[in-house]
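Engineer: Sequence:
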Amino acid sequence: MSDDVLALCFGVHNHQPVGNFDHVVAEATERAYAPLLDRLIARPEVRLTAHFSGNLLEWLRERAPATFDRLATVVARGQVELLTGGFYEPILSILPDGDKRGQIARLSEFIRAHFGVRPRGMWLAERVWEPHLPGPLSAVGVEYVLVDDRHFALGGLDPEAIGGYYLTEDQGQRLRVFPISQRLRYLIPFADVEASLDYLASRRGAVPVLTVVDDGEKFGVWPGTYTHVYEHGWLDRFFDRLLGTSWLSLTTFSDVVDRLPAIDRVYLPTASYREMGEWALLAPAGRELLTARRDLSALADGERLQGLLRGGFWRAFLMKYPEVADTYWKMVRLSHALTAAEGDRPGDGRLAAARLALWRGQANDAYWHGVFGGCYLPHLRRAIKQALLEAERGIDAVVQPALPAWTRGDLNGDGREEIEVRTSDLTVMICPEAGGSLTEIAATSRGLDLADVLARRPEAYHDEVRQRLTKSDDAGARTIHDAPGHKEAGLEKFLQYDDLRRASLLDGLWDDGEVLDPVAPWSDARFVLGRIPMAATVMAARVDRISGAVTVDLVPAAESSPVRVEKRLVIEGGSVEARYRLTSRGAVVGGRWGVQWNLAVTAGEGRERYLDVPGRPAPRSVGRETQWTRLALIDEWIGIEAELTWSPGAEISWGPVETISVSEAGFERIYQGTAFLLVWQLDDVSSEGWEFTTRLTTRAR
1 MSDDVLALCF GVHNHQPVGN FDHVVAEATE RAYAPLLDRL IARPEVRLTA HFSGNLLEWL
61 RERAPATFDR LATVVARGQV ELLTGGFYEP ILSILPDGDK RGQIARLSEF IRAHFGVRPR
121 GMWLAERVWE PHLPGPLSAV GVEYVLVDDR HFALGGLDPE AIGGYYLTED QGQRLRVFPI
181 SQRLRYLIPF ADVEASLDYL ASRRGAVPVL TVVDDGEKFG VWPGTYTHVY EHGWLDRFFD
241 RLLGTSWLSL TTFSDVVDRL PAIDRVYLPT ASYREMGEWA LLAPAGRELL TARRDLSALA
301 DGERLQGLLR GGFWRAFLMK YPEVADTYWK MVRLSHALTA AEGDRPGDGR LAAARLALWR
361 GQANDAYWHG VFGGCYLPHL RRAIKQALLE AERGIDAVVQ PALPAWTRGD LNGDGREEIE
421 VRTSDLTVMI CPEAGGSLTE IAATSRGLDL ADVLARRPEA YHDEVRQRLT KSDDAGARTI
481 HDAPGHKEAG LEKFLQYDDL RRASLLDGLW DDGEVLDPVA PWSDARFVLG RIPMAATVMA
541 ARVDRISGAV TVDLVPAAES SPVRVEKRLV IEGGSVEARY RLTSRGAVVG GRWGVQWNLA
601 VTAGEGRERY LDVPGRPAPR SVGRETQWTR LALIDEWIGI EAELTWSPGA EISWGPVETI
661 SVSEAGFERI YQGTAFLLVW QLDDVSSEGW EFTTRLTTRA R
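Okay, so the sequence shown: first residue is 1 according to the working numbering, each after it adds one.
Hint data in this document are derived by calculation from the structure and do not stem from the laboratory.
Glycine is no exception: its CB is placed at the ideal position from the N, C-alpha and C atoms.
Misleading hints may appear alongside valid ones.
[What the hints assert, rightly or not] Quick list of the computed label-pair ranges, beta carbon to beta carbon:
no., residue 1, residue 2, range
1, ASP348, ALA535, 37 to 47 Å
2, ALA340, GLU488, 30 to 40 Å
3, ALA285, GLY649, 43 to 53 Å
4, ASP524, ARG564, 18 to 28 Å
5, GLY302, HIS336, 32 to 42 Å
6, ASP524, GLU109, 35 to 45 Å
7, ASP499, GLU566, 44 to 54 Å
8, ARG564, ASP499, 17 to 27 Å
9, ASP69, GLY224, 24 to 34 Å
10, SER297, ALA340, 49 to 59 Å
11, ALA201, GLY413, 44 to 54 Å
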């Protein structure tokens, strides 16, 4: 390449989350993937690089074969270089190394089998880099990887002075690293075409190669971009200018690696792109970072100084969202169990299928939250849990463990003890140190965790919800960095937060008084068991040829409550029963005892999801009754009935748990699950002691 020519490695990364709705993927195909490929077929002189995640490629092959064939055409021409990556787009750094290698090898083989090429480079999901990655990546033939120039800035290099590629290593295992230009990412396709050309001209002569690869969805799917990119001709003008500029050459990463030496060696710190660092912070720190950015932006050298602000570390999402941490630790436990089973039975097809299910359960989108992160989206969390439960069933089919069974220990990395109980129908996670509450009630045959209800937590961007009370009318093309609009009015009134995990079997004692809010009753409670550590004893109550049960007895570890509480959990088949015995410590105790279940099915509304009571209200409804002794939550779509029963008679009330989060389309309210609150009057039972029972029974429907 001539010193007078600037090579541009331009490309797109295309991905859809595991579990995303078909109509969403179809829209992205129609408005982004297919139109771009059409432009490439019409203009064979344009060369670029593309990454498609494996599950998206499978979807295109089965559901949009014409688009899949268009991709094959431009790859066969040598016009498009394909990148490999983790097949289901996981955050590679958090996976066991065997899963890292396996996911990459699967996508590389898929590309070889369907497109006849061996990918040499790799797309790193969310550009989450950790310094140990060169070893496992080079072990499966990855020659180079793409990260942001911000990674280099955090390592002490000037983003405006770097280009080409660099060499890094870990324990002698080397890997080439290309820096993606953040400036170009922000310009393309939102700024005028000339702005991008002016920036490229400013870098000409200083570096031999510049890289810009970003989400393909911003070429047609992001708000306003289809009109801007295609109907108003931005992409055609962009290609015209690139091809018509004599000092600019569109090239691929393989061409650069083959023709040019590395610029230098580099050692990059743990990093991702700038926005990810902001999103990973807990809300107070996130607010401070945003304030610091605003303060620095007013200075003459503010843009450069803002680049020195680091933000958080991706793994902080496992601290920020305990529900995500639980899923992560379940995934890791299953991976290790699967590896052990494969060692005993190599080549077993059932274990191979379980490994694929595990890999689907590693897809990144439900493990974090930002503008595109999906842990606030129940359907994405459900897809991950469903895949992990499928992997668990696959392991069981081979290992055939004796059920029921239980495991106790620190099962989610929080330093506290949990107890996992498994029957042939359920997997239940008990948290003795949180009052014996339940954080997993997974109906294994249906692949549904009924306890998967995300808590309402403050987010740094909630301040924007309070400040911007009307929906944005801007229909133009927007980047993820622009202020989002509101998808409905009045969202600020839903900014309420939980100080307890949205678990089930949360319990408390209240004085007589006002009717309790079933969603958030705890602020007026005299005593909340969910805040008190419990001592737990586990025993097999009964195991015979027909069924088995596991009983967990729990009592407060400290005698500080106004009543003595004994809580017995009996898990048997498809049911979880909680038996309470309360006794006075001497003084007469009155008031009310309440037990809250937080449960979720596959949606809060729709003809196939309802409460099996008169009127069939939706799970997202609000209600209160005093005469019932049962209530069932029905989901005909997935085929499950979750029946709540209780004794003696009690008041039951319910209401939706809803969060306010942000997506590329704006701020939105999302149904997470339904809170059911049972309330018993203590003085109606006995002045000396009280006994209550509540039971959740799951059945196929």
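Engineer: Hint by hint, say whether it matches the structure.
Structural biologist: Right, here's what the structure says about each hint:
{"no.": "1", "hint": "ASP348 to ALA535: 37 to 47 Å", "in the structure": "holds, 41 Å"}
{"no.": "2", "hint": "ALA340 to GLU488: 30 to 40 Å", "in the structure": "violated, 49 Å"}
{"no.": "3", "hint": "ALA285 to GLY649: 43 to 53 Å", "in the structure": "holds, 48 Å"}
{"no.": "4", "hint": "ASP524 to ARG564: 18 to 28 Å", "in the structure": "holds, 22 Å"}
{"no.": "5", "hint": "GLY302 to HIS336: 32 to 42 Å", "in the structure": "violated, 48 Å"}
{"no.": "6", "hint": "ASP524 to GLU109: 35 to 45 Å", "in the structure": "violated, 59 Å"}
{"no.": "7", "hint": "ASP499 to GLU566: 44 to 54 Å", "in the structure": "violated, 25 Å"}
{"no.": "8", "hint": "ARG564 to ASP499: 17 to 27 Å", "in the structure": "holds, 25 Å"}
{"no.": "9", "hint": "ASP69 to GLY224: 24 to 34 Å", "in the structure": "holds, 29 Å"}
{"no.": "10", "hint": "SER297 to ALA340: 49 to 59 Å", "in the structure": "holds, 53 Å"}
{"no.": "11", "hint": "ALA201 to GLY413: 44 to 54 Å", "in the structure": "holds, 50 Å"}
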